[in-house]
Amino acid sequence: MSAMPAGRRGGLPFSYVIRNLFARRLTTALTAGGMALVVFVFATVLMLEQGLRSTLVSTGSPDNVLVIRRAAGAEVQSAVDRAQAAVVESHPAIAHGLDGRPLASREVVVLISLPKRGTELASNVVIRGVGEAGVALRPQVHLVEGRLFRPGSSEIVVGSSVRDRFAGAAPGDSLRFGTRDWRIVGVFDGGRSGFDSEIWGDADQMMQAFRRNAYSSLLMRLNDTMAFEAVKADLEGDPRLTLEARRETVFYAEQSETLARFIRILGLTLSVIFSIGAVIGAMITMYASVASRTAEIGTLRALGFQRSGILRAFVVESLVLGALGGVLGLGAASLMQLVTVSTVNWQSFAELAFSFRLTPGIALAAVGFGTGMGLAGGVLPAARASRLEIVDALRAA
Amino acid sequence: MFARLILRNALRHRLRTALTVLGIFVAILAFGLLATVVDAWYAGAEGASAARLVTRNAVSLVFPLPLTHREKLRQVEGVSRVSTANWFGGIYISPRNFFPQFAVDAQTYFDLYPEYRVPEAEMREFLRDRKGAIVGRKLADTYGWKVGDVVPLKGTIYAGNWEFVVRGIYDGRDAGTDTAQFFLHWAYLNESVRRLLPRRADTVGVFIVGIDEPGRAADIARAIDAQFRNSLAETLTETEKAFQLGFVAMTEAIVVAIRLVSYLVIFIIMAVMANTMSMSARERMPEYATLKAIGFRPARVAALVTGESVAIALAGTVLGIAATFPVAERFGRAMGSLFPVFRVSLDTVLLQLACALVIGLVAAFAPAWRAARVGIAEGLRA
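Protein chains in written order, with this note's numbering: chain A, 1 to 397; chain B, 1 to 382.
Do not take every clue at face value.
To be verified - Computed list of lysine-lysine pairs in DSSO-like fashion (alpha-carbon distance at most 27 Å, straight line):
id	chain 1	residue 1	chain 2	residue 2
1	B	72	B	241
2	B	241	A	116
3	B	131	B	154
4	B	131	B	146
5	B	154	A	232
Note that these hints are calculated values from the structure, not bench results.
Only chain A is shown next, with the shape it has when bound in the complex:
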């Protein structure tokens, strides 16, 4: 504090704050550590929700339209019979491929239960029978191993998450369902979309195996994506059809709604409850910091520092404490990006793998949350420090 007279008006220097925190290392570490844990919970919850949403949102393509039976919330519950599928495919707004056939895929979606790797527990996996255009309609999907299934055969390809998470689901293995053995001939990567958690095969083979006479859904691409509203009105107004059309992106975003909301509500409630504990911790630390420095504060005041300067110094001290907790918590949370979570999505009732995803917005929110906790804990003690009378404070020494 050599530059004292000049620095007086401008308040206490920042280095004073830092030195104070450093002088009481254990207390600083414990307080910041508590806040770091809260920020960690806060950030991981937001990251989990973000991961879930972006996995399901990237599952859909904005140009694609998905047609399912009216009021069926998920593809598994839906049914579209052959006659209806033919009517839909004949709509003039549907794009055509180079071979002149409509870019539409009639699909069968069912669930089978497979044992998870490393446990005896089984979970539900989506089996999707796709039409010939099915793969082309999903540009984010590409093969990473082996080859694609041959149409008209009992061959299947598995998503990369399925290969990693389920037993006996690697190329060369066979899965038995629908009284048939299905040979796995390849692995595809869905570009971190929900397709990673699916198994694909030929739609018509699946229909026979499962003895169904109706498809589950119809996926198609439009010539002009702006024509969606018109197509939707046409299909839903057609008395021959009992179907509804949705943009594929919207459909998958809705699939994540319940689970994402649950994660968000639970996580934010917990963060708020936990932050009460951490704010109390900061408050205790700052009150103690004020109490142990009463004489020092008196001296500073006697030297000519204003009450506002003292107030500011203590508020900044607790802000730094909070920001430290925020950065530590965020650092720990960012490591969670390496972890993949899989759980059953309640709306589709199938296993879905997704990972924690950190965005700049979440990082900002986490550090802001930590700083906010520091502020909440520091204001009252700082106010007490600034209200001390010079004489009393000096006598306390």
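Got chain A; can you put chain B on it based on the hints?
What follows is chain B alone, placed relative to chain A:
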């Protein structure tokens, strides 16, 4: 005398102690609620009976089984009763009002579930009315249904708008019984299905199989599955408990996360408490030196610090446990039928107490160690 000293010490910094107690209170309350949420997750499995098996399609639950399996099932040795259930999956007004609905074989289903207590007169009414329904007490309370009310459901699996008349309300035999279910007549459902989707008629979701000797459950389950091997609909039979646990396992990641987080809150509060104790101990070093100077042994001084820490932790915990019950009840009501059974178990309370002890002891460890080791001259000089 010693206890009074501890108490006096704890009350010296009233604000600090009050804040610490408040922090522990919040943490213990949160811990209790989270443990109760996890319990609620397992409620279905807890309420499962050992005398019931569930037979489903081996491929997965979305595939039905033909009703014709029923007679063969009944012939399997050790099987005493067979009933059926179909997941109806209707929406009551909005998808947010979720509760399970089963289309059951009305004549036999409730014989297999003695824990669902339906008044005899209401049961007779239900059996008489094909559009009738039996609903759980919790469900009736949540949506304000009375006997005779009409409940509209929008079908997702069985398309269309359905209306059912509440003919009876069942109570649970004990507190752990799920009373948030809705039962309707399978026969009525099947009639409509036959008309609209003939291929899906005469199928059931699962068979509920009653057995006399729970000890032979595994053998009987194997015998049932062997009966249908290589048929068009192969079966998978497991005990009701395993069946329910299968559902829990699917969302295991969430349960694990909740468990982790509930221990994290204890960690957070431990840091806060440790901070409080180390600050108090630092301020009182000269006193500890004085106590030693007048003949207190180091262990005694350490006990003084530890006692104070545990006392503060216990005070917060007792308040936290006391608050857990009313808060859990309110939370359970707010969640409605999502958690059919939501109550604080004795285990949860014991765990809360154990946490208090651990928090108090761990927080006191470093300060107590320092207080016990401080040299008299050094402490007095500070």
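- request: Would you list, in rising numerical order, the hints stated earlier that this structure does not obey?
  value: none
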